[in-house]
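Protein chains: 4
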Amino acid sequence: MNRIVQDGDLVEIIGRGNIHHIVKVKSGTEMHTHKGILRADEIIGNPWGSTIRSHNGNTFFVLQPALTDLIKNIPRASQILYPKDIGFILLNLAVGPGKRVIEAGTGSGALTTALAYAVGEAGRVYSYDNRREIQQKAIENLKRVELDSRVEFILKDIAGGFDQKEVDCIFLDVPNAYDYLKQAKDALISGGFFGCLLPTANQVMLLLKEMNIHKFGFIEVCEVLIRYYRTEPDRFRPVDRMIGHTGFLIFGRNLIAEDQNPDWNEQTESNTEI
Amino acid sequence: MNRIVQDGDLVEIIGRGNIHHIVKVKSGTEMHTHKGILRADEIIGNPWGSTIRSHNGNTFFVLQPALTDLIKNIPRASQILYPKDIGFILLNLAVGPGKRVIEAGTGSGALTTALAYAVGEAGRVYSYDNRREIQQKAIENLKRVELDSRVEFILKDIAGGFDQKEVDCIFLDVPNAYDYLKQAKDALISGGFFGCLLPTANQVMLLLKEMNIHKFGFIEVCEVLIRYYRTEPDRFRPVDRMIGHTGFLIFGRNLIAEDQNPDWNEQTESNTEI
Amino acid sequence: MNRIVQDGDLVEIIGRGNIHHIVKVKSGTEMHTHKGILRADEIIGNPWGSTIRSHNGNTFFVLQPALTDLIKNIPRASQILYPKDIGFILLNLAVGPGKRVIEAGTGSGALTTALAYAVGEAGRVYSYDNRREIQQKAIENLKRVELDSRVEFILKDIAGGFDQKEVDCIFLDVPNAYDYLKQAKDALISGGFFGCLLPTANQVMLLLKEMNIHKFGFIEVCEVLIRYYRTEPDRFRPVDRMIGHTGFLIFGRNLIAEDQNPDWNEQTESNTEI
Amino acid sequence: MNRIVQDGDLVEIIGRGNIHHIVKVKSGTEMHTHKGILRADEIIGNPWGSTIRSHNGNTFFVLQPALTDLIKNIPRASQILYPKDIGFILLNLAVGPGKRVIEAGTGSGALTTALAYAVGEAGRVYSYDNRREIQQKAIENLKRVELDSRVEFILKDIAGGFDQKEVDCIFLDVPNAYDYLKQAKDALISGGFFGCLLPTANQVMLLLKEMNIHKFGFIEVCEVLIRYYRTEPDRFRPVDRMIGHTGFLIFGRNLIAEDQNPDWNEQTESNTEI
Chain V
729 MNRIVQDGDL
739 VEIIGRGNIH
749 HIVKVKSGTE
759 MHTHKGILRA
769 DEIIGNPWGS
779 TIRSHNGNTF
789 FVLQPALTDL
799 IKNIPRASQI
809 LYPKDIGFIL
819 LNLAVGPGKR
829 VIEAGTGSGA
839 LTTALAYAVG
849 EAGRVYSYDN
859 RREIQQKAIE
869 NLKRVELDSR
879 VEFILKDIAG
889 GFDQKEVDCI
899 FLDVPNAYDY
909 LKQAKDALIS
919 GGFFGCLLPT
929 ANQVMLLLKE
939 MNIHKFGFIE
949 VCEVLIRYYR
959 TEPDRFRPVD
969 RMIGHTGFLI
979 FGRNLIAEDQ
989 NPDWNEQTES
999 NTEI
Chain P
729 MNRIVQDGDL
739 VEIIGRGNIH
749 HIVKVKSGTE
759 MHTHKGILRA
769 DEIIGNPWGS
779 TIRSHNGNTF
789 FVLQPALTDL
799 IKNIPRASQI
809 LYPKDIGFIL
819 LNLAVGPGKR
829 VIEAGTGSGA
839 LTTALAYAVG
849 EAGRVYSYDN
859 RREIQQKAIE
869 NLKRVELDSR
879 VEFILKDIAG
889 GFDQKEVDCI
899 FLDVPNAYDY
909 LKQAKDALIS
919 GGFFGCLLPT
929 ANQVMLLLKE
939 MNIHKFGFIE
949 VCEVLIRYYR
959 TEPDRFRPVD
969 RMIGHTGFLI
979 FGRNLIAEDQ
989 NPDWNEQTES
999 NTEI
Chain W
729 MNRIVQDGDL
739 VEIIGRGNIH
749 HIVKVKSGTE
759 MHTHKGILRA
769 DEIIGNPWGS
779 TIRSHNGNTF
789 FVLQPALTDL
799 IKNIPRASQI
809 LYPKDIGFIL
819 LNLAVGPGKR
829 VIEAGTGSGA
839 LTTALAYAVG
849 EAGRVYSYDN
859 RREIQQKAIE
869 NLKRVELDSR
879 VEFILKDIAG
889 GFDQKEVDCI
899 FLDVPNAYDY
909 LKQAKDALIS
919 GGFFGCLLPT
929 ANQVMLLLKE
939 MNIHKFGFIE
949 VCEVLIRYYR
959 TEPDRFRPVD
969 RMIGHTGFLI
979 FGRNLIAEDQ
989 NPDWNEQTES
999 NTEI
Chain C
729 MNRIVQDGDL
739 VEIIGRGNIH
749 HIVKVKSGTE
759 MHTHKGILRA
769 DEIIGNPWGS
779 TIRSHNGNTF
789 FVLQPALTDL
799 IKNIPRASQI
809 LYPKDIGFIL
819 LNLAVGPGKR
829 VIEAGTGSGA
839 LTTALAYAVG
849 EAGRVYSYDN
859 RREIQQKAIE
869 NLKRVELDSR
879 VEFILKDIAG
889 GFDQKEVDCI
899 FLDVPNAYDY
909 LKQAKDALIS
919 GGFFGCLLPT
929 ANQVMLLLKE
939 MNIHKFGFIE
949 VCEVLIRYYR
959 TEPDRFRPVD
969 RMIGHTGFLI
979 FGRNLIAEDQ
989 NPDWNEQTES
999 NTEI
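Residue numbers (our numbering), protein chains in the order written: chain V, 729 to 1002; chain P, 729 to 1002; chain W, 729 to 1002; chain C, 729 to 1002.
Think of the hints as simulated: they come from the structure by calculation, not from any bench.
Treat the hints with care, since some could be wrong.
[Claimed, not checked] Derived, one-sided and incomplete: chain C residues facing chain P with beta-carbon distance under 10 angstroms:
id: 1; residue: Val902
id: 2; residue: Pro927
id: 3; residue: Asn930
id: 4; residue: Leu934
[Said to hold, decoys possible] Reference listing, derived: stretches of chain V covered by chain C, where coverage requires no fewer than 3 residues with Cβ under 8 angstroms from a Cβ of chain C:
id: 5; stretch: 842-852
id: 6; stretch: 925-937
[Claimed, not checked] Listed below are the simulated EDC-like cross-link pairs for lysine to aspartate or glutamate, each with C-alpha atoms no more than 20 angstroms apart in a straight line:
id: 7; chain 1: W; residue 1: Lys937; chain 2: W; residue 2: Glu997
id: 8; chain 1: C; residue 1: Lys943; chain 2: W; residue 2: Glu997
id: 9; chain 1: W; residue 1: Lys943; chain 2: C; residue 2: Asp962
id: 10; chain 1: V; residue 1: Lys752; chain 2: V; residue 2: Asp735
From the three backbone atoms N, C-alpha and C, an ideal C-beta is built for every residue, glycine too.
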């Protein structure tokens, strides 16, 4: 990566009060903030990590956009997935360069952004939603961060099945995920990775029953909790409030198994007891 | 990815009792387990996710290796990083296809494995350790999972500095990380991502002081806690024991700042209060 | 309290390796431990908090028994409640001097011990169990710690109702607590405090439905998590493992309400959102 | 306890929106709320747990005051201790009927309230603060909940020592608790229980060093985290936000030990590893 901001780069501008803007700098344009006007031509040519000043003297830092901020700054049409969950999802689904991934629903595109980032130019994200307006907003969000070329947005009710076959993994972020396990199984490579986020315990119980029926195995259910700390070295302590819950994460593998196996569950249980 | 196991594939074999083996299947060879002998030629040609039987009739699942299992199954010469931390690290350091990443120390190669996986063929991981034997073991571990071609292992005391310039991010997993911030800054692109794992609060306090001195900003300190649940839908509950602590994670950005700025810290504080 | 150990006192003896013994010291007797023999007459007359030596020279501390240790040292016939939950239960049920309290089941007597301690001489604990052998063991446990005079043990299936009326609070530690809410309501003073511990989410859901039907209000459901830290000041950090789950705690008040009230639940919801 | 509200009783009135009032009902008086006027004479004579209506038709529940609400409803002159911590403190310090307890500082009187409740008529709480105005406010708070007769408020800088000898336990809720361990030791019975709440890790480290110097042993450091759940049985899930931190709790015992003992710390370490 170039050490100097170029015309056309995606830039994260951070001003006092921790106000973040992620924008594409275009020579000749201006950016209006609560703390004054920034001229693109004063940003271009500076090294990343340096400071610039607005017309009225306020300081801003110019940074390469953080992936976590790309996710958090997404204009929301619906509830978004948090970085705390997304990092763990990517790892557990083994999302990496070249992978083919299905997600449903698209929502605001927070997870879509992270998936597109992780699969790279050689990979492919297939993102399903049946709400035209919400998906349109997500397409704009992905364009804004220049990751839209890696994503195929599909406007469709997934009850009718997915259009792809043998994808490496599928992530469902829909309330009634348990209704679509046959569809997921049909689209997923055998052995492939399945993941799901559900807010309530009731939904998880229904999903677990369906996962057993549809021969998903090596199932794990968990929650990710992040505890932040204050960063003053002389007063080191956790922050006062934390996120108590976003959702339960459920992971499993798409297995091929003889139906008669009487000890299916026991055999494919993940051992999460420490 | 091919739907059928090929000669030479890396395969994860899981038998009853949740016993995992990650091996390369080579036609003509055998694999000896506690539950009997498996012949490679009976594995090759099966679809992923299917079951095979050992010579004495025990069932095993044949799966694409999970990234989390690649990490957890690493033969350990030292304490390893856990998947719970690694997912969050990759996301916060924006490690993705094509990135150039430094890590120190190499240790057993758990994080190295995940970094190599995430940067893909186009990226590069520079992994430092000054303990020859431990690094040699890590090299073997990376070879075993066929990710060694993406990693440059460097046997060197990082007190003498890193050999690279302008890498996208650096992760330090050494007890006295606070002693190497000048070296990190010299190797990191301006604006780049810095991360660190430290087990004790005392170490974090020292690091925070040094990060302020060396103009790392937008600092965040946190812990990742994962709560696993039992997967029986009729008895849904968290598991009895959980991992209480592995380490504190510290993240920051490499800034270029005027030394006179009196409100440096206030300006570059991340707002982690919910 | 006397500063000096008296003949007949209940004493907590702690030897190396954190081995605890809670015993009544009686002049003329001996106590055999893994680290040698202790003579009661060498304990009597020493101040609390001092050390004594066994016949073979090992050091032991002589202490007033801690309430938490009284609870943890109970010989177990069944799963016990942990101090982490008990402290919060006592506070939420407002158990204090002079209160009349019902608990079911008795179990090993861990909660019974804490309740008996907290209600004092003027209070009364009614402890129900229908397993003769288990309750007999609990009676011995309470005798051992000299709190049995405050407890009435009742061997009875609570399906048949409780023998008391208008007690201040009731705590149910039985798997199918949701089956006994009518019985609880009949024994509890109107407005009184109801509490329950249940291991699984499924049980909690059933209980919540029954609590609504039986007009228990101001319901709260929570879990208590304790994070312990290592106590070396130069290596301050959480311990590696923690208890991930014992059970969900459910609290509510016994209300008298007009059946027609259409917004019953909304009206009596506790606001636990921070 | 009487089943019917009497003239002069302390009553908790809860109206829609979870608005709590804890007041003494006196015949002939009125109580003005945001949801209308309540007449004491309409409250008196009703059973606890029943509903009354304000002059303009809003419903209120009439309840025995919950100890947790007595604590939470205290008008605050300073940061208060939370019920989550208080329950665990009472249990670990073995505060019960008849105990003599010192606390410093008084603060708003939240812990004072719980201590006074738990020690009963036969016990005694000695509460120190050197800020006249704050302590005066606490005295009023204790009077309001009719527990002031069990508390001796002392306006004094504890650097000069406590006035009592051989109390059963001491709890310090002052920022520089580590400065007063000699004073604590002088007032505490040998073997007695010491407790402390400190917000930052830095303070805990200083305290741990001083506790070792002053021969406090069997030290435990922990945090109490409470996870609340939403109470709708069909949407069972943790609440979105939780309290991330109030303070670290530190407990220890006042020991008498030979100064030469080279393995003091090892000998008196509590084993909190699970």
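Would you settle whether the hint for Val902(C) is holds or violated, based on the nearest Cβ-Cβ distance to chain P being less than 10 angstroms? Hint on Val902(C): violated, closest Cβ of chain P at ~21 angstroms, above 10 angstroms.
Closer than 8 angstroms Cβ to Cβ for three or more residues is the test here. Does the stretch 842-852 of chain V pass it with chain C? Our answer is that it is violated, as 0 residues pass the Cβ test (under 8 angstroms) against chain C, missing three.
Pairwise hint evaluation, Asp962(C) against Lys943(W), where the allowed Cα distance is 20 angstroms at most: Roughly 18 angstroms between the alpha carbons, so the hint for Lys943(W) and Asp962(C) holds.
Under the criterion of a CB-CB separation shorter than 10 angstroms, is Leu934(C) in contact with chain P as hinted? 12 angstroms, violated
Taking 10 angstroms as the limit, does the beta-carbon of Asn930(C) come near enough to a beta-carbon in chain P? Because about 7 angstroms separates Asn930(C) from the closest Cβ in chain P, which is inside the 10 angstroms limit, the hint holds.
Are the Cα atoms of Lys943(C) and Glu997(W) separated by 20 angstroms or less? With Cα atoms ~48 angstroms apart, Lys943(C) and Glu997(W) exceed 20 angstroms; violated.
Hey, Lys752(V) versus Asp735(V), does the alpha-carbon distance stay inside 20 angstroms? 8 angstroms, holds
Is the interface hint for Pro927(C) satisfied, with its Cβ closer than 10 angstroms to some Cβ of chain P? Violated, because the Cβ-Cβ distance from Pro927(C) to chain P comes to roughly 13 angstroms (cut-off 10 angstroms).
Mind checking, does the stretch 925-937 of chain V have 3 or more residues with a CB under 8 angstroms from chain C? holds (count 4)
Check the hint pairing Lys937(W) with Glu997(W) against an upper bound of 20 angstroms on the C-alpha distance. 14 angstroms, holds
In this structure, the hints that do not hold are numbers 1, 2, 4, 5, 8, in rising order.
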